[in-house]
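2 protein chains.
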Amino acid sequence: MTELKTGGAQGYLRIATEEAFSTPELVEAWKEELDNPDADPGFKSLVGFYITHQGERPKWVFDRLQDLGEKRIADMDERGIDRQILGLTSPATNVLRNADRASIIAEMANDRLAEACRAHPDRFTGMAACAPQDADRAAKEIERAVSKLGMRAVIINSHILGEYLDNPKFSAVLEAAEAMDVPIYIHPNTSPASMIGPLLEAGLDGAIFGFGVETGMHALRLITSGTLDRFPKLQIMLGHMGEALPYWMYRLDFMHQAGVRSGRYEVMKPLRKEKVSNYLRENFYITNSGVAWEPAVKFAQNVIGMDRVLYAMDYPYQCPAEEVAAMDAMDMPLEDKKRFFQTNAERVFKL
Amino acid sequence: MTELKTGGAQGYLRIATEEAFSTPELVEAWKEELDNPDADPGFKSLVGFYITHQGERPKWVFDRLQDLGEKRIADMDERGIDRQILGLTSPATNVLRNADRASIIAEMANDRLAEACRAHPDRFTGMAACAPQDADRAAKEIERAVSKLGMRAVIINSHILGEYLDNPKFSAVLEAAEAMDVPIYIHPNTSPASMIGPLLEAGLDGAIFGFGVETGMHALRLITSGTLDRFPKLQIMLGHMGEALPYWMYRLDFMHQAGVRSGRYEVMKPLRKEKVSNYLRENFYITNSGVAWEPAVKFAQNVIGMDRVLYAMDYPYQCPAEEVAAMDAMDMPLEDKKRFFQTNAERVFKL
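Listed in order, the protein sequences are those of chains A and B.
For the first sequence, our numbering assigns the number 621 to the initial residue and increments by one for each residue that follows.
For the second sequence, our numbering assigns the number 621 to the initial residue and increments by one for each residue that follows.
Do not rely on the hints blindly, as some may be mistaken.
Note that the list lumps identical chains together, so a pair holds whenever it fits in one copy or between two copies.
[Claimed, not checked] In silico DSSO-like cross-links for lysine-lysine, where the CA-CA straight-line distance does not exceed 27 Å:
id : residue 1 : residue 2
1  : Lys893    : Lys768
2  : Lys651    : Lys957
3  : Lys957    : Lys918
4  : Lys895    : Lys918
5  : Lys664    : Lys889
6  : Lys958    : Lys918
7  : Lys958    : Lys651
8  : Lys679    : Lys895
Honestly, the hints are just simulated from the structure, not real lab data.
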């Protein structure tokens, strides 16, 4: 493998669009929640692993999550990453029952992230955290984070205490993102207690499979419920090659239309754009976080669109330099590779 | 669209490998179970729809499910289908708490299906039903159905009262399929009560999305639990383009290996073939039931193997003639199209 360098000598900058960090306040709240006997089982599985496991990988991940300075930038340099688009790591504050505390932690995370972005304006760009448990306050925080702190997206780590963004109680959040013209990145979370049973039993609740189930379903709900008809300009971002929705696209269209025709579900009405795939192609951006695999990248570019597939690394959870090299080596015209690694991100995040 | 004809004039026969039927005994048992106040919520959603809904599509589907003669063959002729590989439709007897009754219904279904296959040996091939609720009896029925009735596969409609085939209680079933050298087709079912919550709430529990979640997870459990190391010759079939597992393959490998290294889960031990993808390429066949979509067919052929992707229609649930024409029209060498439509099925089902 040739050395990976920043600076764009290969013909494009590498902008990694789904990179994670944490804050001391969040870790503190997580530790308290881990002691709650009624804590969400997926939360206990996921955060319990990274906070308490003594294995080399979880310890390294947990350490790097909490760095927004030198260690992170050294890792970026080593892997040839010019810029990270940063979001508060899963499940962030989504698991906290106290909406006030959740809001405060999200707001402090935005302040911390904004400070890091100011210190390293050529290396970091921020996505705003928020606590939809208090939707009006979350909407105000999105406005503040975008207009005052320079954030260029909103990140929401899937379900909020078992509820999804198609629930009208969260409308203010979607309205704010649409009004501020920033995408919402729906990042994975473990499934809520009402869904995690057989996944957790088999050890499949996390990134190996359950994350995709949870997050693909969340995104699909925004389409089939008509939520994106209520917020037609809203753009949704999904990592992990679109959480498999591009691969399901034909079946989603066929069965959605059959379901709408039959009136089987009260919650599934005709959509303005008719087909699920029209939303995937017009309201979604997809990143390859965790999937440094040429066949899947090309498949998504082919069926969703070359301008809607972006590079991501998933640092610090998954960041082998070999994966950067594999994406560099894709058999793809340089101009398309530049859109993938650089210019799509520059457009979406207004860099 | 040119007329679709049987007989192979296009250079191959069309063998549809995931086609459904039902029996009067099964429908009777379903109707009783629908009256059970504790019935599985996914079962009520799925079977309740097809049995009671007065819409055109569910009525037509329910009628055709119960025909193993003239109407079915006329539909096949009209769509250019030379042969159907038939399985007892979902959720079959998997939802019945009385193991004895479930076994009897499965055995009677096999007798009925065998009779239809004898009456139309050039048009129908059978997959054996069984009721894993009584695993030893199910194993004996698989032996009988293969050796005496000429069945060429076993069909199991995913979870059995909330349990999965990696549970050692079902070992006799897997052992019988391996010993009789027939694949097990894991057909979708709705997710069990412990998983269906947010899917059902959003109307996504069925074929549009939940089926894939349930069935992909079931198949993955057989790999990650080490079950396929206990039955290394066993072949598993999946419809719907592999329930998205081919698209997830890179992430499955990466996160499975990370999980095994960390020892995070007691149930996730190192595997003999090391990578999840090795099992997908050596122990799985994939059909395109419900997904008449060239990009997904080619993707799976590319990453799983040309000899492991088979044609299916999903009759009577999804059977527009246009879908047959779309598959005929794929931009693919005739020899590969023949493997897809005909010779892979001939080899797998020993036709």
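So, going through the hints one by one against the coordinates:
In this assembly of identical chains, the alpha carbons of Lys893 and Lys768 never lie at most 27 Å apart, being 35 Å within a copy and 53 Å across copies at closest. For the homomeric pair Lys651 and Lys957, neither the shortest alpha-carbon distance inside one copy (42 Å) nor that between copies (56 Å) is at most 27 Å. With identical chains, the CA atoms of Lys957 and Lys918 are at most 27 Å apart both within one copy (11 Å) and between copies (22 Å). With identical chains, the CA atoms of Lys895 and Lys918 are at most 27 Å apart both within one copy (22 Å) and between copies (23 Å).
In the homo-oligomer, the alpha carbons of Lys664 and Lys889 lie at most 27 Å apart only across protomers (21 Å), although the nearest pairing inside one protomer, at 36 Å, exceeds that limit. Proximity of Lys958 to Lys918 under the C-alpha cut-off of 27 Å is found in both arrangements, the shortest distances being 14 Å within a copy and 26 Å between copies. For a Cα distance limit of 27 Å, the shortest separation of Lys958 from Lys651 qualifies neither inside one copy, at 42 Å, nor across copies, at 58 Å. Within a single copy, Lys679 and Lys895 get their C-alpha atoms only as close as 44 Å, which misses the 27 Å cut-off; across copies the closest is 24 Å, which meets it.
Violated hints, in rising order: 1, 2, 7; the structure is consistent with all others.
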